[in-house]
Structures are given as structure tokens and as C-alpha cells.
Amino acid sequence: DAKTTQPPSMDCAEGRAANLPCNHSTISGNEYVYWYRQIHSQGPQYIIHGLKNNETNEMASLIITEDRKSSTLILPHATLRDTAVYYCIVFTSGTYKYIFGTGTRLKVLA
Amino acid sequence: GAVVSQHPSRVICKSGTSVKIECRSLDFQATTMFWYRQFPKQSLMLMATSNEGSKATYEQGVEKDKFLINHASLTLSTLTVTSAHPEDSSFYICSARTGQGSGNTIYFGEGSWLTVV
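Chains A and B, in that order, are what the protein sequence lines are.
Reminder that position 98 of the first sequence reads as 98 in this note's numbering, one-by-one numbering, no gaps.
Reminder that position 17 of the second sequence reads as 17 in this note's numbering, one-by-one numbering, no gaps.
If you are wondering where the hints come from, they were derived from the structure by calculation, not from laboratory data.
As the structure is a computational prediction, the values presented were derived from the model and not from experiment.
Among the hints, a few may not be true.
[Stated by the list, open to error] With a straight-line Cα cutoff of 30 Å, these simulated DSSO-like cross-link-like pairs (lysine-lysine) come out:
1) B:K66 - A:K107
2) A:K3 - B:K14
3) B:K41 - B:K66
4) A:K107 - A:K3
5) A:K69 - B:K41
6) A:K3 - A:K97
7) A:K69 - B:K20
8) A:K52 - A:K97
9) A:K3 - B:K55
10) A:K3 - B:K64
11) B:K20 - B:K55
12) B:K64 - B:K14
13) A:K69 - A:K97
14) B:K20 - B:K64
15) B:K14 - B:K66
16) A:K97 - B:K20
17) A:K3 - A:K69
18) B:K66 - A:K3
19) B:K66 - B:K20
20) B:K14 - B:K41
21) A:K69 - A:K107
22) A:K97 - A:K107
23) A:K52 - A:K3
24) A:K69 - A:K52
25) B:K14 - A:K107
26) B:K41 - B:K64
27) B:K66 - B:K55
28) B:K55 - A:K97
29) A:K97 - B:K41
30) A:K52 - A:K107
31) B:K14 - B:K55
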């Protein structure tokens, strides 16, 4: 199974861009990278996913390196409500599972 | 995004009794649903994968006779914690997948807090 590595915590000033990195060096060619976030005591919320091209939606942008071994989730203008644990997941097509790592606890500071 | 609903959101039960948690996909058909549990300040741990009309696949270390999973329709999966004990107290979360392809997304329910007293 492709595993992901994320920094345990990050701080970001309100209004600034939050850049959350993720390493997935064992990813296979057809495996997607997904990002979710979890606000305390709630189910995870889908943010974005991608295969090899950069992706953008109303919530965030996803930048995937050319070798696909790492990616960065960008929240362009972080707000206090973006404080959450952010999980980077590689969908393992071989075993058909979404395995969560430890995630990054992002704290947005006023 | 797609909506997944869990019920109940909170439940307290007595030790030795069983409790059922429902997971519904409200606006799409989910051939595959996943059940997770989460302890405080920890990540989500995958318990089992359920496919509509077939037996669930349990992760290593998860007792299938204790955590009964039924996925009888394309919009409903249930998790029954049998003979619950205080150590089963946890946050249980289900998710449902919108399709079979690798690019399909899973959406999560709101989670269910189980407290066994």
C-alpha cells in the first residue's frame, strides 16, 4: 500500500496561503491522491483529489510533482474555520482501500 | 458533494447490549462503503469494507463476530456492535464511494459517538 507522510502540525496566519505538504514516494502510476480534512468531532470532509495534473476547486488547489512522489495542498486565503486536521490519502487500487495516516494539524491564527 | 448520513449521532448503551449504527448515501448509490473507528486524538482506523450484497471484508485485528456489518442495499449499510464493552466506546464513521473507478471519491458521514457504560 502506498503510504503518506505529513508534518504533524503547522500554523498559518489568517488571510495567508496555507501550504500543506505530503510525501507519497511509493505511489503507483494509477493511484490518486486525495485530501480530506476533519474538524473536531466531525466526519472528514472531502477537499480535492488528483492523479498527475494540478487541480483547483472552490476550496483549494492541489499541486502534484512531476514524479508524483509528493504533493501540496494550498488553501489560498486561510480563515479561522480552516483550523482542522488535514489528511493526504493515496487510494490503493490494489487493495481498494482508503488508509488514513496521521495527518497535519493546521492551526490558523488570528 | 454527495451526502452520507449516519444515525444515531450519539448513543449510550449498557455493557453487554448491542447497538446498531446506520449509514445511508442520500443522493447516490454506493456499491462500496467503509467503516472506520477513531479514538480521541488519533487518526481514523479502517475497520472493514462492505460491498452491497456480499460479506464485508474486515481488517486484521477487527473481530467480525463483534462488529457485524450488513450492506443490504445500495444506499444503506449498518454496523452492529454486539455485546458492547466500555473499550468499544469510540467515534465510528462510515463512508461511501460514488463509483468503481480509481478517481471516484468517498464521502463521509457525520460520525457516531458510542459510549458503553
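Status of each hint after checking the structure:
At most 30 Å may separate the alpha-carbon atoms for a hinted pair to count; K66 of chain B and K107 of chain A exceed this at roughly 37 Å. Of the supplied pair hints, the one linking K3 of chain A and K14 of chain B is violated, its CA atoms being roughly 38 Å apart against a limit of 30 Å. Note on K41 of chain B and K66 of chain B: the hinted pairing holds, with a Cα-Cα distance of about 24 Å set against a maximum of 30 Å. Under the criterion of a C-alpha separation no larger than 30 Å, the hint pairing K107 of chain A with K3 of chain A is consistent with the structure, at around 24 Å.
The straight-line distance between the Cα atoms of K69 of chain A and K41 of chain B is roughly 28 Å, inside the 30 Å bound, and the hint therefore holds. With a C-alpha separation of about 12 Å, the suggested pair K3 of chain A and K97 of chain A falls inside the 30 Å cut-off, and the hint holds. Taken as a hint, the K69 of chain A and K20 of chain B pair is broken in the structure, with Cα atoms around 41 Å apart against an allowance of 30 Å. At most 30 Å may separate the alpha-carbon atoms for a hinted pair to count; K52 of chain A and K97 of chain A meet this at roughly 20 Å.
Between K3 of chain A and K55 of chain B the alpha-carbon distance is near 27 Å, which keeps this suggested pair within the 30 Å criterion. Simply put, K3 of chain A and K64 of chain B have alpha-carbon atoms about 26 Å apart, close enough for the 30 Å limit, and the pair holds. The straight-line distance between the Cα atoms of K20 of chain B and K55 of chain B is roughly 17 Å, inside the 30 Å bound, and the hint therefore holds. Taking the CA atoms of K64 of chain B and K14 of chain B, the gap is near 21 Å; set against the 30 Å cutoff, the hint holds.
The hinted pair formed by K69 of chain A and K97 of chain A meets the criterion: a straight-line CA distance of about 19 Å does not exceed 30 Å. Only pairs whose Cα atoms come within 30 Å are accepted, and K20 of chain B paired with K64 of chain B is accepted, the gap being roughly 14 Å. Taking the CA atoms of K14 of chain B and K66 of chain B, the gap is about 15 Å. The hint holds against a cut of 30 Å. For the given pair, K97 of chain A sits about 23 Å from K20 of chain B by alpha-carbon distance, which is consistent with the 30 Å threshold.
Taking the CA atoms of K3 of chain A and K69 of chain A, the gap is about 11 Å. The hint holds against a cut of 30 Å. Pair hint K66 of chain B plus K3 of chain A holds up; C-alpha atoms about 29 Å apart against a cutoff of 30 Å. Simply put, K66 of chain B and K20 of chain B have alpha-carbon atoms about 12 Å apart, close enough for the 30 Å limit, and the pair holds. Under the criterion of a C-alpha separation no larger than 30 Å, the hint pairing K14 of chain B with K41 of chain B is consistent with the structure, at around 25 Å.
Distance check on the hinted pair: K69 of chain A and K107 of chain A sit about 26 Å apart at the alpha-carbon level, within 30 Å; holds. Note on K97 of chain A and K107 of chain A: the hinted pairing holds, with a Cα-Cα distance of about 28 Å set against a maximum of 30 Å. Taken as a hint, the K52 of chain A and K3 of chain A pair is honoured in the structure, with Cα atoms around 17 Å apart against an allowance of 30 Å. For the suggested pair K69 of chain A and K52 of chain A, the alpha carbons sit about 10 Å apart, so the restraint of at most 30 Å is met.
Straight-line distance between C-alpha atoms of K14 of chain B and K107 of chain A comes to about 37 Å, which puts the hinted pair past the 30 Å bound. Pair hint K41 of chain B plus K64 of chain B holds up; C-alpha atoms about 25 Å apart against a cutoff of 30 Å. With a C-alpha separation of about 14 Å, the suggested pair K66 of chain B and K55 of chain B falls inside the 30 Å cut-off, and the hint holds. For the hint linking K55 of chain B to K97 of chain A, the alpha-carbon distance of about 16 Å falls within 30 Å, and the restraint holds.
With a CA separation close to 22 Å, the supplied pair K97 of chain A and K41 of chain B stays within the 30 Å bound. Distance restraint check for K52 of chain A and K107 of chain A: the Cα-Cα separation of roughly 28 Å lies within the 30 Å cut-off, and the hinted pair is therefore satisfied. With a C-alpha separation of about 28 Å, the suggested pairing of K14 of chain B with K55 of chain B holds against the 30 Å cut-off.
When held up to the earlier numbered hints, the structure conflicts with 1, 2, 7, 25 and fits the remainder.
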